[in-house]
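Novice: Sequence:
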Amino acid sequence: MKDKKAKQVKVYRWMGVPNLLEFADVYSVEKKVATYIESILPRINMEDISGWELTLSINYFVSF
1 MKDKKAKQVK
11 VYRWMGVPNL
21 LEFADVYSVE
31 KKVATYIESI
41 LPRINMEDIS
51 GWELTLSINY
61 FVSF
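Under the numbering used here, the residue at position 21 of the sequence shown is numbered 21, and the numbers go up by one with no gaps.
Rather than coming from a laboratory, the hints here were simulated on the basis of the structure.
Glycine residues also receive a C-beta, built at the ideal position from the N, C-alpha and C atoms.
Please note: incorrect hints may appear among the correct ones.
BS3-like mimics (lysine-lysine), calculated; alpha carbons at most 30 Å apart, straight line [claimed, not checked]:
| hint | residue 1 | residue 2 |
| --- | --- | --- |
| 1 | 32 | 7 |
| 2 | 32 | 10 |
| 3 | 10 | 31 |
Restraint ranges, calculated between C-beta atoms of paired labels, are given here [claimed, not checked]:
| hint | residue 1 | residue 2 | range |
| --- | --- | --- | --- |
| 4 | 57 | 28 | 16 to 26 Å |
| 5 | 56 | 25 | 13 to 23 Å |
| 6 | 22 | 49 | 31 to 41 Å |
| 7 | 22 | 44 | 32 to 42 Å |
| 8 | 10 | 61 | 39 to 49 Å |
| 9 | 12 | 51 | 14 to 24 Å |
| 10 | 21 | 41 | 20 to 30 Å |
Turn these sequences into a full structure, and let the hints guide you.
Specialist: Right under this line is the structure:
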(Lines of atoms letter the chains of each structure in order from A and count residues from 1; the text may use other names and numbers.)
(Lines give C-alpha, C1' and ligand atoms only; values in the text may rest on other atoms or scores of the structure.)
Protein backbone atom coordinates (compact mmCIF):
# COMPACT_ATOMS: atom_id res chain seq x y z
CA MET A 1 0.00 0.00 0.00
CA LYS A 2 2.83 2.40 0.81
CA ASP A 3 4.34 1.87 -2.65
CA LYS A 4 1.03 2.74 -4.28
CA LYS A 5 0.85 5.93 -2.23
CA ALA A 6 4.42 6.85 -3.12
CA LYS A 7 3.64 6.44 -6.81
CA GLN A 8 0.76 8.91 -6.47
CA VAL A 9 3.08 11.60 -5.08
CA LYS A 10 5.25 13.41 -7.61
CA VAL A 11 7.90 16.07 -7.07
CA TYR A 12 9.01 18.26 -9.94
CA ARG A 13 12.04 20.53 -9.82
CA TRP A 14 12.70 23.51 -12.05
CA MET A 15 15.99 25.43 -12.01
CA GLY A 16 15.73 28.99 -13.24
CA VAL A 17 19.16 29.93 -11.92
CA PRO A 18 22.17 29.08 -14.08
CA ASN A 19 24.86 27.12 -12.24
CA LEU A 20 22.85 27.01 -9.01
CA LEU A 21 24.22 23.58 -8.14
CA GLU A 22 27.70 25.07 -7.93
CA PHE A 23 26.66 27.49 -5.17
CA ALA A 24 23.75 25.94 -3.27
CA ASP A 25 23.08 22.57 -1.68
CA VAL A 26 19.90 21.85 -3.61
CA TYR A 27 20.09 18.17 -2.70
CA SER A 28 19.58 18.96 0.99
CA VAL A 29 16.30 20.66 0.05
CA GLU A 30 15.26 17.60 -1.93
CA LYS A 31 16.09 15.34 1.02
CA LYS A 32 13.91 17.50 3.29
CA VAL A 33 11.06 17.35 0.79
CA ALA A 34 11.39 13.54 0.58
CA THR A 35 11.33 13.34 4.40
CA TYR A 36 8.22 15.51 4.48
CA ILE A 37 6.48 13.35 1.89
CA GLU A 38 7.29 10.21 3.89
CA SER A 39 5.82 11.87 6.98
CA ILE A 40 2.50 12.70 5.29
CA LEU A 41 2.00 9.43 3.38
CA PRO A 42 0.40 7.62 6.35
CA ARG A 43 -2.21 10.41 6.62
CA ILE A 44 -3.26 10.28 2.96
CA ASN A 45 -6.56 8.51 2.44
CA MET A 46 -6.20 6.63 -0.85
CA GLU A 47 -9.96 6.40 -1.31
CA ASP A 48 -10.24 10.20 -1.23
CA ILE A 49 -7.64 10.70 -3.96
CA SER A 50 -8.30 7.63 -6.05
CA GLY A 51 -7.27 8.42 -9.62
CA TRP A 52 -5.48 11.61 -8.57
CA GLU A 53 -1.86 12.51 -7.87
CA LEU A 54 -0.37 14.79 -5.24
CA THR A 55 2.21 16.99 -6.99
CA LEU A 56 4.80 19.22 -5.34
CA SER A 57 6.67 21.70 -7.47
CA ILE A 58 10.01 23.13 -6.36
CA ASN A 59 11.07 26.20 -8.32
CA TYR A 60 14.49 27.76 -7.91
CA PHE A 61 14.61 31.24 -9.43
CA VAL A 62 16.07 34.69 -8.85
CA SER A 63 13.70 37.46 -7.85
CA PHE A 64 14.85 41.06 -8.10
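Novice: So, for every hint listed, does it hold in this structure?
Specialist: Against the structure, the hints:
1. 32 - 7: Between residue 32 and residue 7 the Cα gap is close to 18 Å, so the pair holds against 30 Å.
2. 32 - 10: With Cα atoms ~15 Å apart, residue 32 and residue 10 stay inside 30 Å; holds.
3. 10 - 31: Holds: residue 10 and residue 31 sit about 14 Å apart, inside 30 Å.
4. 57 - 28: 16 to 26 Å: 18 Å, holds
5. 56 - 25: 13 to 23 Å: Because 19 Å falls inside the window, the suggested range holds.
6. 22 - 49: 31 to 41 Å: 38 Å, holds
7. 22 - 44: 32 to 42 Å: Between residue 22 and residue 44, where Cβ atoms are some 36 Å apart, the hint holds.
8. 10 - 61: 39 to 49 Å: 20 Å, violated
9. 12 - 51: 14 to 24 Å: 20 Å, holds
10. 21 - 41: 20 to 30 Å: 28 Å, holds
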